[in-house]
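A.B. asks: Sequence:
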Amino acid sequence: MQMQTLATDNQFILAAQNDSLALENVASSRPNTLSGMDKRERLQAIYRCLFKDNRNIDFHHNQALDSAYLNNTLTTQAMVRELICSDMFVNYILATNSNYRFVQLCFERVLGRPAIQSEVFQWSSLLASEGIKTFAECLTFSDEYMNAFGLHQIPHRRSLKLFSSDQNLPALPKELSLKRYQGKGNLTQFNYTGPVRSLLSSNTVPSVLRRIGGLVTVTGAIAAGYMLIAVGL
Numbered sequence: 001m002q003m004q005t006l007a008t009d010n011q012f013i014l015a016a017q018n019d020s021l022a023l024e025n026v027a028s029s030r031p032n033t034l035s036g037m038d039k040r041e042r043l044q045a046i047y048r049c050l051f052k053d054n055r056n057i058d059f060h061h062n063q064a065l066d067s068a069y070l071n072n073t074l075t076t077q078a079m080v081r082e083l084i085c086s087d088m089f090v091n092y093i094l095a096t097n098s099n100y101r102f103v104q105l106c107f108e109r110v111l112g113r114p115a116i117q118s119e120v121f122q123w124s125s126l127l128a129s130e131g132i133k134t135f136a137e138c139l140t141f142s143d144e145y146m147n148a149f150g151l152h153q154i155p156h157r158r159s160l161k162l163f164s165s166d167q168n169l170p171a172l173p174k175e176l177s178l179k180r181y182q183g184k185g186n187l188t189q190f191n192y193t194g195p196v197r198s199l200l201s202s203n204t205v206p207s208v209l210r211r212i213g214g215l216v217t218v219t220g221a222i223a224a225g226y227m228l229i230a231v232g233l
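In this text, residue positions in the sequence shown follow the numbering used here: the first is 1, and each later residue adds one.
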């Protein structure tokens, strides 16, 4: 499925103005020449780019993907795509946001710019109808992504409307992160390739639905209480 973004030139800043490219652009076109330490730094930068506020938490890492990337089996583009489809990203980012907000976050973190309203609607529809795997493939294979980052460059901020790549956000303490994230990805990683709607039958139902369910339960209990009182009278 071919899906393109609607980027315009006035959404971007010149590379010389970008303060977050020091690590990302180092030998970006020559991945096989990087030392082991350089590759690990780049791997950390990919996780920082996608996970932001919990970027230093060890359990974010998918050992199989990390190993493939460090051994040059996966390109940076492929690593970004696989992490978007990972259990951690789905449960931690997708399941805790609306589809609209998720699209906005992905555009900011994967394309380095805010999404315009029409893109939010179009890509939310793609996400809902085709699932996270197709969404990730379309985003990372889009002309915009390939022209901006290619196979080996780490996504970075390309718009003055965004804060710097790291946003100066500290990592949450592991205890708080574990409490916030209830999926199995905090112990082990699995790739999620099914449609978004299957999340509703898993243990990662979005918080808004959990709150609605709780409200319905409480309301039902109150109604039942009134019925018992009425019968007693």
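Do not take every clue at face value.
[As the list claims (entries may be wrong)] Restraint-style ranges between C-beta atoms, simulated for each label pair: (1) N97 to F141: 29 to 37 Å; (2) T73 to F141: 31 to 39 Å; (3) S118 to N71: 35 to 43 Å; (4) L160 to A64: 35 to 43 Å; (5) T96 to A68: 22 to 30 Å; (6) L105 to E41: 32 to 40 Å; (7) L151 to E41: 29 to 37 Å; (8) Q4 to Y100: 28 to 36 Å; (9) S129 to L6: 27 to 35 Å.
What the hints contain is simulated information worked out from the structure, not anything from laboratory work. All C-beta atoms, glycine included, are put in the ideal place defined by N, C-alpha and C.
A.B. asks: Hint compliance check: list the failing hint numbers for this structure, sorted ascending.
C.D. replies: Of the numbered hints, 1, 2, 6, 7, 8 and 9 do not hold.
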